[in-house]
Amino acid sequence: MTTTTVSFGERLRSGRRSSTASMVFTAVLWACMAIICAFLFFVLFTIIQQGVARLDGNLLDRQPSQIRPETAGVQSALFGTLWVIGLTAVIAVPLGIAAAVYLEEYADPKRWYNRLIELNIQNLAAVPTIIYGILVLAFVVRGPLSVGAVVLAGGVALALLILPVIIITTREALRAVPEEIRAGSLALGATPWQTTWKQVLPAAISGIATGTILSLSRAIGEAAPLILVGATTFITFNPDGVFSRYTTLPVQIYTLVPEDRDAYRDLAYATILLLIIVLLAMNAIAIWLRNRYQRRW
Amino acid sequence: MTIRQVKFARVAPVFVAAALALAGCGGSENAGTGTGESGGEQLSGPVVIDGSSTVKPLSATAGELFMEANRGVQVTVATSGTGGGFKKFCAGETDISNASRAITEAEKKLCADKGIKYTELQVANDALTVVVNKDNNWVDCLTVEQLKKIWEPNSKVKNWNEVDPKFPNEPMALYGAGSDSGTFDYFTSAINGKEGASRTDYNPTEDDNITVQGVSGSKGGLGYFGFSYFEENAGKLKALKVDGGKGCVEPSVKTAQDGTYTPLARPLFVYPSDAGLKKKQVEKFAEFYLEKNEEIVKTARFVPLTEEQKKKANEALAALKAQAGGK
Numbered sequence: 001m002t003t004t005t006v007s008f009g010e011r012l013r014s015g016r017r018s019s020t021a022s023m024v025f026t027a028v029l030w031a032c033m034a035i036i037c038a039f040l041f042f043v044l045f046t047i048i049q050q051g052v053a054r055l056d057g058n059l060l061d062r063q064p065s066q067i068r069p070e071t072a073g074v075q076s077a078l079f080g081t082l083w084v085i086g087l088t089a090v091i092a093v094p095l096g097i098a099a100a101v102y103l104e105e106y107a108d109p110k111r112w113y114n115r116l117i118e119l120n121i122q123n124l125a126a127v128p129t130i131i132y133g134i135l136v137l138a139f140v141v142r143g144p145l146s147v148g149a150v151v152l153a154g155g156v157a158l159a160l161l162i163l164p165v166i167i168i169t170t171r172e173a174l175r176a177v178p179e180e181i182r183a184g185s186l187a188l189g190a191t192p193w194q195t196t197w198k199q200v201l202p203a204a205i206s207g208i209a210t211g212t213i214l215s216l217s218r219a220i221g222e223a224a225p226l227i228l229v230g231a232t233t234f235i236t237f238n239p240d241g242v243f244s245r246y247t248t249l250p251v252q253i254y255t256l257v258p259e260d261r262d263a264y265r266d267l268a269y270a271t272i273l274l275l276i277i278v279l280l281a282m283n284a285i286a287i288w289l290r291n292r293y294q295r296r297w
Numbered sequence: 001m002t003i004r005q006v007k008f009a010r011v012a013p014v015f016v017a018a019a020l021a022l023a024g025c026g027g028s029e030n031a032g033t034g035t036g037e038s039g040g041e042q043l044s045g046p047v048v049i050d051g052s053s054t055v056k057p058l059s060a061t062a063g064e065l066f067m068e069a070n071r072g073v074q075v076t077v078a079t080s081g082t083g084g085g086f087k088k089f090c091a092g093e094t095d096i097s098n099a100s101r102a103i104t105e106a107e108k109k110l111c112a113d114k115g116i117k118y119t120e121l122q123v124a125n126d127a128l129t130v131v132v133n134k135d136n137n138w139v140d141c142l143t144v145e146q147l148k149k150i151w152e153p154n155s156k157v158k159n160w161n162e163v164d165p166k167f168p169n170e171p172m173a174l175y176g177a178g179s180d181s182g183t184f185d186y187f188t189s190a191i192n193g194k195e196g197a198s199r200t201d202y203n204p205t206e207d208d209n210i211t212v213q214g215v216s217g218s219k220g221g222l223g224y225f226g227f228s229y230f231e232e233n234a235g236k237l238k239a240l241k242v243d244g245g246k247g248c249v250e251p252s253v254k255t256a257q258d259g260t261y262t263p264l265a266r267p268l269f270v271y272p273s274d275a276g277l278k279k280k281q282v283e284k285f286a287e288f289y290l291e292k293n294e295e296i297v298k299t300a301r302f303v304p305l306t307e308e309q310k311k312k313a314n315e316a317l318a319a320l321k322a323q324a325g326g327k
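Chains as they are written, first to last, in full-length UniProt numbering: chain A, 1 to 297; chain B, 1 to 327.
None of these hints come from the bench; they were simulated from the model. Each residue gets a CB set at the ideal place from its N, CA and C atoms; glycine is no exception. Treat the hints loosely; a few may be bogus.
Incomplete in silico selection of chain B near chain A, CB under 10 Å [said to hold, decoys possible]:
id, residue
1, A62
2, T76
3, S80
4, A102
5, E105
6, A106
7, E107
8, D207
9, D243
10, T299
11, P304
Pairwise CB distance ranges (calculated) [what the hints assert, rightly or not]:
id, chain 1, residue 1, chain 2, residue 2, range
12, B, A275, A, D262, 34 to 42 Å
13, B, K158, A, F243, 37 to 45 Å
14, A, A125, B, K117, 40 to 48 Å
15, A, T191, B, G84, 48 to 56 Å
16, B, A275, A, G241, 18 to 26 Å
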């Protein structure tokens, strides 16, 4: 099935440019993009300029140090980040995909409770991140679970934070699977379970994976909720389980910046650079997954 | 229309492998640090500290030195602020609370309600220094009122003669701590009467070097930072005396220790709990904190304790240990 769609951009380019309004509008768009790029390059340039000197082996090899910031590293924060994000993925990905499959494939959208759930998920995606921190502080760190300020608390906070985003992106991906595939599968005698598991999910995998990884990338850079659940801690050992105390890279940056010696600031810049590298790597994986499994109908 | 079959399962192993690799790394790393040798008895376990961000460099330094000698111990120092630290401490969540002021009556009651017993150990003295340019020959001493006039929120003071008509018409260049720092909190509460209340049109910096450069580079410069930092740069700047109501007092180790340099000097405390000290590693850590106090205070750049203050802290610790051991 080949459709001859012409993109909006192509139409713009092929159209007549005589209209003044059109030229002004194009100029404004260019200006907007130039401003955004200028900010982005300025930030990147500053970080690289200040941080590249300390982006050395010590950064990964050593632990944070109060006494010797010149040779200190952020190993405990790097491992803390990996642990927290790993746990976040383990909690949020299956739950989020399952919830999206229910809402998209099984739920009857006319029922009032399904509509209520949908509305709430949309709202949850817009809740300030610190609220999730307060929630986890009240119910996981203290309160009924009382696990303390440990990796588990950080993982739960970030999982709650990205759950709505995973559900929404997964639903979009499922919706993009043509109805004919479901109808065909069911017509050949497959059960709804077989249709979902063997046809719909594999067909939607690139969208689901991309959305999931982008959500996890967002969670990796998050500091606000983790500050509340105990990550603002001077820690010189790596976590050894979900009940271990922890700190993460963004929180480490947050605690390094106000320190009074130059060496701390250099370390903070290097840590920012490290975080950006981790983020770029994750986004690269997302793009690769999308291209690898993408298909069109 | 053909569909290339892509099994969902083909991607799943990627996540599983990542999770396994993660678990593997973390575990082995920790095992590596846990097997370090230490002289004498092998201490292990956590020492959980929370509280003032001003005291954090002290406790983190102490923790780092302590862990060098006792590799099995895990000292963690969080910074919830003095008040936030006491809330956790009185809920039994921490072993030791850092405080940049003495415990308040309300906090005492909170701890008493939960049955948390503790003792107060002074571990250092903190002092701030107000500095001006070396060529500044018109001022040696400022009162707290004058400092407040300069630094209060919405202050319009731009020239030295606006502080006192006897001062020359010299533009003032202000350097101070950034709003994230304990120095800023302390200076604003001591001078302006409210923590965090400050004029905002000055050069805020977390880096004291910038204050040194700024004030030494401008004749009308005025700035403030920790006393120990002034000591390191004493040749480049001039420290002002401060009149807190009882005459001008110059900042020095002595005036900071004996409490006459008010309001810009204060004691810093840690509060170990009775329950915490029952754990061997916490007890040894508290002892270490006082034994190596001089080294810790010097490394973290605070003003050391006097002999008398040291003696008092040691006695308080001994009393609490006796109490903890007696039960």
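Discussion item. Hints numbered earlier in the text: which of these fail when held up against the supplied structure?
Written reply: 4, 5, 6, 7, 9, 11, 13
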